[in-house]
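Here's the letter readout for the chains.
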Amino acid sequence: MASSMTRFFERFLKIDRRWIFLAIAIAVVIPFFAPLGLPVDVTPPVQRLYDAVDELEAGGAPLLLSIDYTPATSPELEPMSTAILRHVFEKGVRVIVMTLHPAGYGMAESAILRAAEEAGAEYGEDLVYLGFQPGTSAVILGLGVNITNVFPEDAYGTPLSEIPLMEGIRNYDDIPLLISLAGWSASEAWVYFAHQPYGQRVGGGVTAVMATDLYPYLDSGQLVGLLGGMRGAAEYEVLIGRPGSGARGMDSQSVIHLIIILLIVLGNVAYFATRRQRKLAGEGT
Amino acid sequence: MEFSTLIWTTIGVILTLCVYSFLYKDNPFYKFAEHLVVGASAGYYLVIYYYNFIDPNVVRPVFQLEHGGQAIALGGFEWWMALIPGLLGLLLYARFFPKIAWVGRWPLGIYVGGYAGLGISPVMQARVIDQMRAASSPLASIVGPGEVVDPFAAVTNTALGFVIFAVMTYFLLAKRHLGSRGIAAMIGVIAASAVVGYGGYVVLTALSAANVVSTTSILLVVGLLGTLAYFFFSLRHTGLLGGLARIGIVFLMVGFGASFGYTVMSRISLLIGRVGFLIDWIGMFSS
Amino acid sequence: MMRASLAVLSILVLSLTFGWAWAQDELVLEGVEPALSDTLPPDLIPPAPAAGLTAVDYVDNNDSGNKIDLSWTTSPDDGDGAADVTGYQVWRSETAAGPGDTLAFVAAGQAGYLDETAEPGTPYYYSVTAFDGTNHSDAVSFGPVAGARNWFTATRAAVLVLVSVFFGLVLVFTQLAERGAKLFVRRIPGLNAIEEAVGRATEMGRPVLYVPGIGEIDNIMTIASLTILSHVAKITARYETPLIVPTARAVVMSAAEEVVKEAYAEVGKPDAYNRDNIRYLSDAQFAFAGAVNGIMLREKPAANLYLGAFWAESLLLAETGFEAGAIQVAGTAMVSQLPFFVTACDYTLLGEELYAASAYLSREPKLLGGLKGSDWMKVVTIVLIAAGIIMNLVGADAFVEWFHTS
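Residue numbers (the numbering used here), protein chains in the order written: chain A, 28 to 312; chain B, 9 to 295; chain C, 694 to 1099.
Since the hints were made in silico from the structure, they are not lab data. No residue lacks a Cβ here, since even glycine has one placed at the ideal position from N, Cα and C. There's no promise every hint is true.
What the hints assert, rightly or not - With a Cα cut of at most 25 Å, we get these calculated DSS-like pairs of lysine-lysine:
#	chain 1	residue 1	chain 2	residue 2
1	C	K954	C	K1059
2	C	K993	C	K927
3	A	K41	B	K33
4	C	K954	B	K107
5	C	K993	C	K962
6	B	K39	C	K993
7	B	K107	C	K962
Claimed, not checked - Quick look at which bits of chain B chain A covers, simulated, 3 or more residues with Cβ under 8 Å:
#	stretch
8	52-62
9	121-132
10	265-276
Given the sequences, and given the hints that come with them, work out the whole structure.
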């Protein structure tokens, strides 16, 4: 004697997942055309990273930005690189960009070209792009001894000794802050091989998936700050006062989260309700 | 708008749609996009690795070639240091010749050994020693340097932590579905933990010389001990160790839940990024 | 903003350059023979030089070979005699000939300077001149001297001690295991699941898919996975069940080939080994995941084993496998990926259970030693944390500070 409620739940559990895909798709698209403008609060890990960047001196010792993400994770991480580069160029802080991932090569190049053009930053004076070297841990350790040992020339074949920005920059001693943006274990590798042996201050920007991996390093001071996922990027955009693609996605994000929470609750209720029904049926026969 | 930009973006849009067609079901369009990605990325990696690594580190130094107007004149030592690793790398191809295939193990051995050596000390520092230091002063680590703690937030967070903990423990220990007595018991456990949590907070704040102490730090230590107990393989999980391990699995599951939530956020972000790309593409025609 | 800071920077650079040029001029003045007459203004007489310059490689607890310690005897005119010395100029050169570049200006009364900008292993020549505001004395020189890196950094003593304790434990247990001591390792629930899954695939006459993760060969999870792969390969070899191993790293592929081939030879079925089933697909994460999904849908393995290091592809793989109806067993120490394996797979080896499984299955003394060693290292950790908390509460901070290593 299945009630209509139970029948609904049974059908709900067997729903064709394509309906869920459709619901999600609609929920993503609508806020693009009708933004809700939900507020974004800034969390302490993001604030700390922002402060660390903000303390850098204009025209002084440079920021080392390692753009270690790939096209696959760029929706979460590209807003971060854009926001950080906007922040440093606006402040006149000089920046050295590199990558530890072969697929990051093009991502880094397009990110700096866009930001430099927008801010009128000059290559060689305000920024330099070192390119890619394989061998993650060996590369990070090598930079602590001498940058030119690892990158004898920049990404375009100019020897580092001929680049004005690199004058007097030998290793981590001359770099007050390092930020790694990655969708894989690169940020952790920077903690292991730059912070631990050399005491280098390291900040991270990672996909939300990886954020929980890196949280333990915040309390212990091994990371100065952390941006987690598109949400972290949106918070950074709020701090520099320039909403970008991170903030643009937050509305869709919130709506979908509500749908998912609803589905999880419904799914669990349906599961327990039908389980009880099944049990009763089982006992009856 | 440059015409070429439009062409390339449109190809990107078509490929995105090909991949998303998999959401309906497996089909030739998806397969085409899949094979294209596999092939194109293999080619891309080959080129990137060759020009960023093999060419500057092996080919140019060994053959003393020029690049960017600079003649490379290496001393004997540097020349050998470019040649020997290059030859070791070539040995990997020995496996194509069954008789000398065993030679290929040498470079593998050097590679594995070298990386293990590089990693041991920093990983020990990062994952064990510094974390141990942070856990030894939980009262300091919860409240970061220069942060002011809102007592109300501290109390509610603590109480919430204990409630989640109680619910999880109850489900784990009960191992059967909830009857009315079970629900009553659970409410009891929640109330008790909230009282213990708040009481602990008050007592510790009174005892400690530090300004504000959060009892979440006790949860942190309990979770740490429980998790370590769960991953202790030298004794059977009975008695005290078994109890601790149970608590450990509760913390593990809470951690997995948080992780899962973050990942959902990540995946949704990828979708939002793609949708943004498609919408920007449509925007190209109107501009 | 940008332009303003550039302007400030250029003014700074220019003034520094002029300052330097000015200092060079002073040096030229040194060559002018001063008249030794009391009637002349005193600032034309250079001060008496400093003496006895020595430079030694400075050794402290954190020295990476970039520090050279200089000391000299102050000029007789410093605080005494003409009493007009305002300071000492320190010069550094890589050749014995010239004074080289100005390194620093040290106030009067100081008889030493620590150069912290030396390139380790480069020999330097140092010179010091006394300066009275107008004139430099003759230089007193010393060289060559080079900085050497330290072998030991005292602030990292904790690392040495704990790594030694850990390695000591591992070595002792490995020795015990090799001598045949019965080392107890508790049963890991779900370990049999791997064998059950392979058994079911055999019954159904369908292949087993073994994904060793997308970690490099240096990843310890990949290494543990290859040990388990050897065990799985022995079972599939016995029953002649096809074993498909897709890999994302070329080096892992060659290692997997070795492992599977050896396992097949060991159970006497070298001919059943099919090299084409150990495949390299792509280094790119999602291209790899897409290709493995393709294998799941087209070749329909009945058992999917995901053991090793996984990142974002974990859910894509496990979800597709679940849809395809395969029995799935996963195991990884990637904490962020465990939730998906827990939800989408029939059994999951959590974190270190992966390593424990590889030790349990193989009973290899080295793996057992490693497992037992890390078990007792956990006890050491718990004891140290407990001690740390107590020390912290009684205010003995030095104990916890000893673990501050960077």
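Verification of the hints:
1. C:K954 - C:K1059: Roughly 22 Å separates the two Cα atoms, so the pair holds.
2. C:K993 - C:K927: holds (21 Å)
3. A:K41 - B:K33: holds (17 Å)
4. C:K954 - B:K107: With a Cα-Cα distance of about 15 Å, the restraint between C:K954 and B:K107 holds, given a limit of 25 Å.
5. C:K993 - C:K962: Given pair C:K993, C:K962 holds - Cα atoms ~24 Å apart, limit 25 Å.
6. B:K39 - C:K993: Given pair B:K39, C:K993 holds - Cα atoms ~16 Å apart, limit 25 Å.
7. B:K107 - C:K962: Answer holds: B:K107 to C:K962 is near 20 Å, not above 25 Å.
8. 52-62: holds (count 6)
9. 121-132: holds (count 6)
10. 265-276: holds (count 8)
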